[in-house]
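Listed below are the residues making up each chain.
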Amino acid sequence: MPYFNSLRLRRLRHLKRMSLADVSRTTGITKAQLSLIENGKVDPRISTVVRILECYGCVLADLGPSRAQRRTMGEVRAAADSGASRLRAAGLGPSDPVERLDRKDRLCQDTTVEREAMATRG
Amino acid sequence: MNAGDRAVLALRKANQSQDDLIARSLWLAKAVDHVVADRAVLVGGTAVNLHTGSYRPTDIDMCAHLDQSDRNALVGLGLRHTQGDHFAYEFDDGEVWLVEFPDTQVDGDISTIHLSPDDRLSVINRESLIVDRLLQATDQTGVTFDEAVRLCVAVYQEADWEWVGTEIGSRDLVEPGLGLEGMFARVLDEVRSLTGS
Chain A
1 MPYFNSLRLR
11 RLRHLKRMSL
21 ADVSRTTGIT
31 KAQLSLIENG
41 KVDPRISTVV
51 RILECYGCVL
61 ADLGPSRAQR
71 RTMGEVRAAA
81 DSGASRLRAA
91 GLGPSDPVER
101 LDRKDRLCQD
111 TTVEREAMAT
121 RG
Chain B
123 MNAGDRAVLA
133 LRKANQSQDD
143 LIARSLWLAK
153 AVDHVVADRA
163 VLVGGTAVNL
173 HTGSYRPTDI
183 DMCAHLDQSD
193 RNALVGLGLR
203 HTQGDHFAYE
213 FDDGEVWLVE
223 FPDTQVDGDI
233 STIHLSPDDR
243 LSVINRESLI
253 VDRLLQATDQ
263 TGVTFDEAVR
273 LCVAVYQEAD
283 WEWVGTEIGS
293 RDLVEPGLGL
303 EGMFARVLDE
313 VRSLTGS
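These protein sequence lines map, in sequence, to chains A and B. Each residue of the first sequence is one higher than the one before, starting from 1 at the first, in the numbering used here. Each residue of the second sequence is one higher than the one before, starting from 123 at the first, in the numbering used here.
Extracted from the complex, chain A is given alone in its bound form (with noise of 0.2 Å):
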């Protein structure tokens, strides 16, 4: 999995309205290179990144800054109280798995394996 979103570099290059092809031609990178580096099957260099960058005009930070967050179980169990009681304050009960399923169910998807798996559950 690359270090960066990939697929956040195919959007930069639909804004820009630009096809692999032209990517390309102005790179030298091959357009099944660029198709496995915009899917995410190859981690290519920081170098040609940028290569591919600065041919839509942009640069690394325009991959988005930095979401990372890390957080200690107690961080997340912290989190989730918080988000819970939040919800609660808001008038709003815990989501419910029933109408989820009913909903994949109204898309025409199997869900027997889903139901048959909370009904192991308390």
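Check the hints yourself; a few may be wrong.
Taking beta-carbon pairs under 7 Å as the criterion, some of the chain A residues facing chain B (in silico) [as the list claims (entries may be wrong)]:
#	residue
1	Arg11
2	Arg71
3	Ala117
Just so you know, these hints were derived from the structure itself, not from any lab. Where is the CB? At the ideal position from N, CA and C, for every residue including glycine.
Given the structure of chain A, go ahead and fit chain B onto it with the hints provided.
Below, chain B alone, put in the same frame as chain A:
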């Protein structure tokens, strides 16, 4: 200790977390991550539950590229292969949890949870999860709208809304037909109305 041993240990911790939905889900996800060659990232409802504490996920969704050796490793760990990249794990107490791999990569940024000094799990981060839920809500069903509102209410005070707005704006330019910006505005209106902010 090799990855297989670490996975077994993580699974044991998941089994021991009988009354702790968050711990059980994270340790099961970590067990999976240990045996899959690619980095597995937790996404979907289980990730939402880390912020709302009340999602009650029906499965564990993870993003990773799986090949046959990964599938074999998951079965070797004790998961049952159900179909495609879907698996089921039965805990010692009889609870069955589903583990699914809906995508090979995460469309968003990743954060890390330190489960123990030696165990770190990658999870889609808060702001990217908001964007993901807003994208789901564009299916115009009440259920997904309510879920997006729920997550936004839960994280309203901490989330970086400027970043979310910018991300949504860039996606809307690429796929204007989705109506993502309009959905974002509708959800925020509802959140403000519910929270009185």
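(request) Enumerate the violated hints, using their earlier numbering and listing them in ascending order. (result) Violated hints: none at all, because every hint is consistent with the structure.
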